[in-house]
Amino acid sequence: MSLRNFDTRAGLARLILMERIRAFEETARRAAVEEGLVLGAIHLSIGQEAVAVGLIESLRRDDYITSTHRGHGHTLAKGADPQAMMKELLGRAGGCCGGKGGSMHIADFGVGMLGANGVVSANITIAAGAAHGVKLLGGDQVVVCFFGDGAANRGPFLEGLNWAGVFDLPILFVCEDNRYSASTLTAAMTSGNVAGRARALGLRVTEIDGNDVEELAQVAAEITARIRETGQPEFLHALTYRLDGHTYFDPATYRPEGEAERMRAERDPIARQRELLFEAGLSVAELNTVREAARDEMAAALEAARAAPWPDEASVFDDVQDVGSPAMEAF
Amino acid sequence: MAVMSYADAAKLAVAEAMREDDRVWCVGEDLGRGGVFKQYTGLVEEFGPKRISDAPISEAAIMGAAFGAAMVGTRPIVEMRFADFALCATDELVNQIAKARFMFGGQSRAPMVIRKPMGMWRSSAAQHSQSLEGWYAHIPGLVVCCPATPQDNYAMMRAAIACDDPVVYLEHKNIWALEGEVDTSLRGEFGKARLRRSGGDVTIVSWSDTANVAEAAAGALADRGIAAEVIDLISLWPWDKRAVLDSVRKTGRLIVAHEAVAVGGFGAEVVATVAQSGARLSAPPVRLGAPRSLVSYAPNLEDKLRVTAAMIAEAADKMMEAEPA
Ligand SMILES: Cc1ncc(C[n+]2csc(CCOP(=O)(O)OP(=O)(O)O)c2C)c(N)n1
Ligand SMILES: [Mg+2]
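Residue numbers (the numbering used here), protein chains in the order written: chain A, 421 to 751; chain B, 23 to 347.
The reader is advised that the hints may include incorrect statements.
[As the list claims (entries may be wrong)] What the simulated footprint calls covered on chain B by chain A, stretch by stretch (three residues with Cβ under 8 angstroms from a Cβ of chain A suffice, anywhere in the stretch; the number is not a length):
no.: 1; segment: 104 to 117
no.: 2; segment: 122 to 128
no.: 3; segment: 133 to 147
no.: 4; segment: 192 to 205
These are calculated hints, taken from the structure and not from any lab test.
Glycine included, C-beta positions come from ideal geometry on N, C-alpha and C.
Using the sequences plus the hints, can you model the full thing?
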């Protein structure tokens, strides 16, 4: 990204959101490692924040997204409340899913975030269906479906992309390619390549640097506007990198020595955005203020979550089903 | 009251619901030509191809996409063609649809009807004949319904479409052409059994086409002076425990008959519930289901897995004999 046409205000807003996502996840990781407050496995998107921020910026509040097990960034970027999210990670009352879902099922339907998913690839057909529903109901919303490179090796990838093409649905599929499927190098388990598969299914494909938030924001704005206009599905392949382990407790020793360090030094999207803003005239002190504010916000979210009670035990039978609800069964 | 087939009764229910509510739509393979069992014939002409939607042979996408469309406000009727093929969409049904409302803390609903034609249908062999209703009854979040008559296929389909929970709706392939009177003013109620025949000697609990077989068995038993009470559960989740327990308390004898494999079948749940209730039985309960084997193509082999009226009647006879004078 060059400084030509650089909109400092928009660039700063992007940095703020990326810093908030990173602060949320670093806070959650500390709460997991040091205090055992976060209960289950959490998958951090540290290093991948630019994809969520760049993509979701062009969406309206009533547009929809679906996400994966690595969904904190997407959820925050869509506008969810970090306190409700943190409570969810701690399994507390007031969590966005009432403490029933945790990190892997984080969702905020109020901002159009239709759910993270614990099953790799499963959100692809669901997202296509949300777009199908939009079309049936005559709406003009766009759906963005985030998934990882590994997800392209399951059947729903084929079925979901084909579905969107067959029914001309307003959806953008975003492959957030961090090169790894858990501990496996995805390329080693992938014949051909993901973008080529999308092309073969008749979708318009854009390939992009997933660590350049400015480029992502600009291209995403063009694509989502085009989808809203034409109602045709498109595909974006964003090449990025997971700076941390697969889960917060994964030391990621399977990666070549020095790879993560090099990527952190050279490609970290937040460091790049800070540099850009510095060149545009912001001071280091101003940039640090952004980071501190994000950390303070998430520290407060953690304090609120820590203080929140466990969910009411009676809620264990709520929201299973109306007909034949377990609450009506005698045990 | 009109006389119509089991297939047409469901079709009428679907058409009426679609006229009343624009959000209702159907999706599945070959629906534009009426569906493989003609249970959608004529609907595309009335409602158009968007609401009677063809689909690629992508069971996972049919189920998953219908779910996505349900989450944003439509009310899909999903056609799986054969219950056997629905297994290709098991993750979508079991891990996504059944769990979403709970997992997301009540933020979403999946008001869907998932039609899965089930059961043995002459010489369809092992991949087109299964009765897996017991699997779905095991999954929290799902409603499970197996109607056996045109009346119930009409009334339960209306109830299923109106329901805000996902309903696994298993129609039996053997009775698409079965005719009967249908009162279209009736709406079904999940968890309410139908008393197909009353009697004081033995309770026969069944569902789906086996309920029809049980009714035939009760007719034969009546000829020999045994009064069997036949309870058609219609829905397996929720199921009408009250009706079964009241009947067994009266008769003191229980037979559960179903087409599915007996091992781990829903009949076991019924028998266990009766046993746990403390109801006094004058003979050990009997569970009739398929042996734990596979459905064959050759008719004589296929028949080895069927629960027949003669088998049910024989079980009842034995129970009556066992009674101390
Ligand atoms: C169907 C399924 N298989 C396996 C897993 C276990 N699993 C969770 S995440 C993951 C790797 C996914 O890789 P990718 O899609 O690239 O996403 P990333 O973790 O890199 O964000 C695996 C194998 C799962 N959750 N679901
Ligand atoms: Mg990956």
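These are the hints, each one checked on the structure:
1. Under a criterion of three residues with beta carbons nearer than 8 angstroms to beta carbons of chain A, the stated coverage of the segment 104 to 117 of chain B is upheld, 3 such residues being counted.
2. Using a Cβ-Cβ cut-off of 8 angstroms, 7 residues of the segment 122 to 128 of chain B lie near chain A, which meets the minimum of three, so the contact claim holds.
3. Given a C-beta distance limit of less than 8 angstroms, the hint that chain A covers the segment 133 to 147 of chain B is violated, as 0 residues qualify and 3 are needed.
4. Beta-carbon proximity to chain A at under 8 angstroms applies to 0 residues in the segment 192 to 205 of chain B; the threshold of 3 is not reached and the given coverage is violated.
Hint violations for this structure: numbers 3, 4, all remaining hints satisfied.
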